[in-house]
Amino acid sequence: MSTIGTGYDLSASQFSPDGRVFQIDYASKAVEKSGTVIGIRGKDCVVLAVEEIVVDKLYEVDAARRIFTIEKNIGMAIAGLMADGNFVADIARQEAANFRQQFERTIPLKHLCDRVAGYIHAYTLYSAVRPFGLSVIFASWDETDGPQLYKIEPSGTSFGYYACASGKAKQQAKTEMEKYKFADMSTDELVQSGGKIIYQVNDEVNNKDFRFEMGIVGRETNGVHFINHASWSQLAIEAGKAAKTADGDNEI
Amino acid sequence: MANDMLTSFGRPRRFYNLMSADLPGTRFPASGITPGSSVLGIRFDGGILVSADTLVTYGNLARYQNVDRVIKISDSVLLGGGGDFADIQSIVRTIDQKIINDHCRDDGASMKPMALVNWLTRLLYGRRSLKQPLKAEIIVAGIEDGCRPYLSAVDARGSPFENYVAASGFARLIAVPLVRERKPIDRDFSLKEASTLIRDCMRILYYRDTRSIAQYTVGICTPDNCSIKGPFKAEENWAIADHVSGY
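In the order they appear, the protein sequences are chains B and S.
Each residue of the first sequence is one higher than the last, beginning at 1 in full-length UniProt numbering.
Each residue of the second sequence is one higher than the last, beginning at 1 in full-length UniProt numbering.
It is worth saying that the hints were derived from the structure and are not from the lab.
Fair warning: this is a prediction, and the values are worked out from it, not measured in the lab.
The C-beta atom is built at its ideal place from N, Cα and C for all residues, glycine as well.
Where hints are given, some of them may not hold.
From the derived model, a few chain B residues whose C-beta atoms are all more than 12 Å from chain S [said to hold, decoys possible]:
#1 K29
#2 D90
#3 A97
#4 S158
#5 K170
#6 D203
#7 V224
Here are some, though not all, of the chain B residues that point toward chain S, as calculated from beta-carbon distances under 10 Å [stated by the list, open to error]:
#8 K33
#9 R65
#10 F68
#11 I70
#12 K72
#13 F87
#14 A89
#15 A96
#16 Q101
#17 D145
#18 H225
#19 N228
Whenever a hint applies, use it, and build me the whole structure from the sequences.
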């Protein structure tokens, strides 16, 4: 199953004979252990939904939050190591602030994604540092560019998406996503889809104790990114729970 | 610097007046190169009104005639910028980034007007003390804690003045006495009274201040609404000119 990288996996500055950089592969493994995160792009809205697995009942409700606000209209969600996530969120915020200081406007998402991807990639080049154990999803909406969604892999490659997923149930989430047509969805429909997908891919046996978290930005939020906005989160959670119950009924 | 100290020993007023001729380097007007004139803020029972004309001058030239000098900082804070407008723009850019940083932190806290005034006080006083003053005369208006209207002026020396009327420039000389005269003794202004006062003061300021134009904007901040209205035209009636003689 997993290739043993004997000898070629000790630093990110080494290739293996079959052309892999094992440290980056191992970083991806860290991402795969994390709770699922999805990003979906609608007609004039983008939703980031996260399956926050509750590791410890003693945590505060907003502990280990994996969604961040980078700028007024830019949200970021991560799968992987929390510590790396906090660090990269700060880098992204600095990039956005720097851009604003020079050009006096909000950084376009493509530009921000390129900068952060370049930063993450830089950490895959040297033996002195380790790659970030992160998959980063960026979302934004504004009047000129509309809804935007980008994902950065641990290797530092980034792509634009209509819908993307990372984490534990990545494959399952992708399969679910292919059933929907997000591009024409309204904000409400998109929010409900996000809830449904996360609730459906959640592993009831092993990770029953989880928290649903959501970032949303779009025309209906006036171009402002909100995390766990009361009314929309409720809509998503209700849709998710309903889908789960319906599934349960179907199984019987 | 040492030379300056020797010659100005016993003459502290030279530094306190912040006249350009006393500062090392090039000379420029005491009010800044591109100043805006008056800004007037009036607190009423439901919120605050802040108004300023839409002119930024360049010496004797009325250079920029459509500048919004009342700026919305957030849903609960307005800022009126008088004095050197370049300094105002620079300060507003910094404040905007602070607002974005607060939003990113997502901890339910947001910039309150009193907090902003305190920060501006420290900023302006620090710059004054370094003898690199920011020639900004700022009016901060907003809603404190979701319900209480708050209005304050901060001058270029870093002195804050919190009151039901706050003004900068000519408004401080002409409009403030007028507002004080019309203030009911036992209660706040009503919105109607405050609006009438703004209209009257802007008219009088246009008549009397040579560095002003008849167009102005008014910002209103209440717990439900924070927006900039306008531009409005100040009433002008020059019919009196016919009767003036003797010069």
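Quick rundown of the hints versus the structure:
B/K29, annotated as away from the interface, keeps every beta carbon of chain S farther than 12 Å; the closest lies near 30 Å. Remark: the non-interface label on B/D90 conflicts with the geometry, its nearest Cβ contact in chain S lying 10 Å away (cut-off 12 Å). Look at B/A97: its CB is around 6 Å from the nearest CB on chain S, not clear of 12 Å, so calling it non-interface is violated. Interface exclusion of B/S158 from chain S stands, the closest Cβ pair being 21 Å apart, more than 12 Å.
With a least beta-carbon separation of about 26 Å from chain S, B/K170 lies farther than 12 Å from that chain, consistent with its non-interface assignment. Even its closest Cβ contact with chain S, about 28 Å, leaves B/D203 beyond 12 Å, as expected for a residue assigned away from the interface. Separation of B/V224 from chain S is inadequate, the least Cβ-Cβ distance of about 8 Å not exceeding the 12 Å criterion. The closest approach between the C-beta of B/K33 and any C-beta of chain S is roughly 26 Å, which is over the 10 Å cut-off, so the hint fails.
At about 8 Å, the closest approach between the beta carbon of B/R65 and any beta carbon in chain S falls short of 10 Å, and the interface hint on this residue holds. Interface hint status for B/F68: upheld, as the beta-carbon distance to the closest one in chain S is roughly 7 Å, under 10 Å. At about 7 Å, the closest approach between the beta carbon of B/I70 and any beta carbon in chain S falls short of 10 Å, and the interface hint on this residue holds. Taking 10 Å as the C-beta cut-off, the interface hint given for B/K72 holds, the closest approach to chain S being about 6 Å.
A distance limit of 10 Å between C-beta atoms decides the matter here; for B/F87 the minimum to chain S is near 15 Å, and the interface restraint is violated. Annotation: B/A89 was flagged as interfacial toward chain S, and the flag holds, the nearest CB pair being 8 Å apart, inside 10 Å. A hinted interface residue such as B/A96 counts as satisfied when its beta carbon comes closer than 10 Å to some beta carbon of chain S; here the least separation is about 8 Å, so the hint holds. The interface hint given for B/Q101 is met, as the beta carbon of that residue sits about 7 Å from the closest beta carbon of chain S, less than 10 Å.
Because the beta carbon of B/D145 sits about 18 Å from the nearest beta carbon in chain S, more than 10 Å, this interface hint is broken. For B/H225, the interface hint holds, the least distance from its beta-carbon to any beta-carbon of chain S being 8 Å, beneath 10 Å. Below 10 Å, beta-carbon pairs count as interface contacts, and B/N228 has one with chain S at about 9 Å; its hint therefore holds.
Hint compliance for this structure: hints 2, 3, 7, 8, 13 and 17 are not met, and every other hint is.
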